[in-house]
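Please model the entire structure based on the sequences and the hints provided.
The lines below spell out each chain.
There are 2 protein chains.
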Amino acid sequence: MKIPQERLNKYRNLRRDFSEEDYVNLQPIQRGGALTEEAMKAIIEFGDGYSTCDWCPPKSARLDMIENPPIKDFYNDLAEFLGMDTARVVTRCREAMFIAFRMLGAPGDYVVIDGLAHYSSYIAAELAGLRVKEVPVGCPPEHRVDLEAYAAKIEEVKAETGRLPAAALLTHVDYQYGNVSDAKVVGKIAQDYGVPFILNCAYSAGVMPVDGRGVSADVITGSGHKSWAASAPTGILALRKSLEEKVLKRASIQGDLTNRNFVSKELALLGCTVMGAPLLTLIASFPEVVERVERWGEEVQKARFLVGELERIQGVRQIGERPKRHTLMHFETDPFFRVSQSHKRKGYFLYDELRSRKIVGIQPGLTKHFKLNTYGLAWNQVKYVAGAFHEIAEKYGLEIK
Amino acid sequence: MKIPQERLNKYRNLRRDFSEEDYVNLQPIQRGGALTEEAMKAIIEFGDGYSTCDWCPPKSARLDMIENPPIKDFYNDLAEFLGMDTARVVTRCREAMFIAFRMLGAPGDYVVIDGLAHYSSYIAAELAGLRVKEVPVGCPPEHRVDLEAYAAKIEEVKAETGRLPAAALLTHVDYQYGNVSDAKVVGKIAQDYGVPFILNCAYSAGVMPVDGRGVSADVITGSGHKSWAASAPTGILALRKSLEEKVLKRASIQGDLTNRNFVSKELALLGCTVMGAPLLTLIASFPEVVERVERWGEEVQKARFLVGELERIQGVRQIGERPKRHTLMHFETDPFFRVSQSHKRKGYFLYDELRSRKIVGIQPGLTKHFKLNTYGLAWNQVKYVAGAFHEIAEKYGLEIK
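Residue numbers (this note's numbering), protein chains in the order written: chain A, 41 to 441; chain B, 41 to 441.
What the hints contain is simulated information worked out from the structure, not anything from laboratory work. A portion of the hints provided could be inaccurate.
Remember, identical chains collapse to one label, so a pair may be satisfied in a single copy or spanning two.
[As the list claims (entries may be wrong)] In silico BS3-like pairs for lysine-lysine, Cα to Cα no more than 27 Å straight-line:
1) 42 - 281
2) 224 - 198
3) 286 - 228
4) 286 - 198
5) 99 - 384
6) 423 - 398
7) 50 - 398
Set out below in structure tokens:
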């Protein structure tokens, strides 16, 4: 149906309402996805629809076979970088999890999953027809996943169904507290039971070193737009050789009249995946990503510094494991909540105060607790953020130690 | 694992090896995906990872609820534009088909599908656990789908399984010949049997007018990077109201320890889908897309003109329906094949000759038959292409009528 042009004006000149250059953005899920300069050049060059496919090899006609741009090489280097044998770029980390669940499990099977897993892990299991058995999370304020309990949960599944779970999934770094779980512990348990071990590295791979081989991961899933300086949507699926045949199984369907078949296509990927600009940003940022994970120690130092500075405000407390081993952090901030109750802007006062200081990314309206991420900020930016919080605290008469 | 920087140099300064400004690109699947100026601005603005999600509403936390940028409004306008009730942007047209198959069918069900369907339609069915029953394609050179045969095929499924197929899928315009099938015929048959009708508009919606209501489509699938001047990957899933509940069913899985549930999330979409730059290009190009489909008649005229000019070369023949009603066309080109046999560059001579005239997009190496697409080319470009083919034909002594 024809839509009147005046109704379409809102789609013209689309802008974010702040610029990453002028503002400090603390958005918990955005720090690791900010593009590198190389990625920005690539997105302009490969913006057009299928431009990635200029040199699709006619015979194999598969994204992972394209050599110009160097997609084939990239997939190999990506696998090596993660300490895995094979890698594919898929549309989202959640799709990578779905693919693994779908191809490793049969409907009705269980997957053992940590209680801090992201919602998308649960939904991926449901879409694959699987059930979840949760591994418990310890007490506040640290909320650590009880890693040793994976063994008991695998036993529980065995007792209940007579067979092993389809997989054990651990969220390497969780979205809620930014806790880093020791993947080795779960890798060892899974290996002992012969259960495939899926490590969801959405918040780890691409910002911090991850060695799949070292932690006995059978599958690694990752998120390009979360942690690899890439545009959305990009997910990473990396595999041990032993699972390749199963997870990347080729299509076997055949036309009953035409007899057409598609045996070169990878079934669960639906053939080609991210045939466009986001993939090219992932590739273009890769050299910088390989370097930046080596600087992870310094990123953690900045995070710990900010925790220390924010906790100088009486009543503010970082929750999740201590000391921080990741740049995603979660604070309980009761004093700001008390301020909000008598402020005419209510919970939005904190957003306003930060924004007027050119700081964005803390969820508007929240004051009781909030998350933020310092990944990739310069020291002077981190110090500026600390100072801004102190200034706001002082303005509203909160005590600073 | 650390990868040496020298091995990473190939990922720097990624370039296409031609520029769309200097070359005429006839690539059969790329014409409809070239970005508009508005889309190019949007991709730069929203290149960073999750930048689309700056204003994700905390409570619903779903892509289709975001009002800034105007994603929510866009989804509504998109549905209206297609003559449907609800729309979602998903990662690829094939994913839209998978979602429809997965949610409308049960494992083992059949889907009735035209014999010209793209490979991704078959694979989507396989991943959803469905079987295909093909509708026959008529004789060469026109290769028209026998639309009336949908009724017989639905009957066949009923006789064989005792129940109706999960869906009937018609490829509105096929990838092989660019034939336009009369969707109304299949819509009527599907409606009479009470079988959901899925119209795959990867090559139609976004370049030519499509009215889902007028053809009784229950589901429309589309491809942003193929036909909506958007970056890959973007797919479109548009629905009749009556199927919304089924296809966009919410997640029902629940954690057994945490009791967490995710009832706001759309199961088969795995929650949010294209949370990034490609979606913004689709939105930014939309005002122009709404306009451009009105100029479809002129696009077909340009296609027919080129067919006429190429067929002046003795032995060259357009295959698929005649006269053309789409800009994607397929030629048998025996005379060029004869030239290739004694040429030192073999089949690549045609690519070389075209490329030296700044024309790209016909698959390198092909001379016996090839596909091309004139969508969106200016008249002078189409005439230039015709002239170039004549020049090449003359150079190699082929006869021109």
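Here is how each hint holds up against the structure:
no., hint, in the structure
1, 42 - 281, "between (52 Å within a copy, 20 Å between copies)"
2, 224 - 198, "within (22 Å within a copy, 53 Å between copies)"
3, 286 - 228, "within (22 Å within a copy, 41 Å between copies)"
4, 286 - 198, "within (22 Å within a copy, 33 Å between copies)"
5, 99 - 384, "between (66 Å within a copy, 22 Å between copies)"
6, 423 - 398, "within (14 Å within a copy, 54 Å between copies)"
7, 50 - 398, "within (26 Å within a copy, 37 Å between copies)"
The structure shown violates none of the earlier numbered hints.
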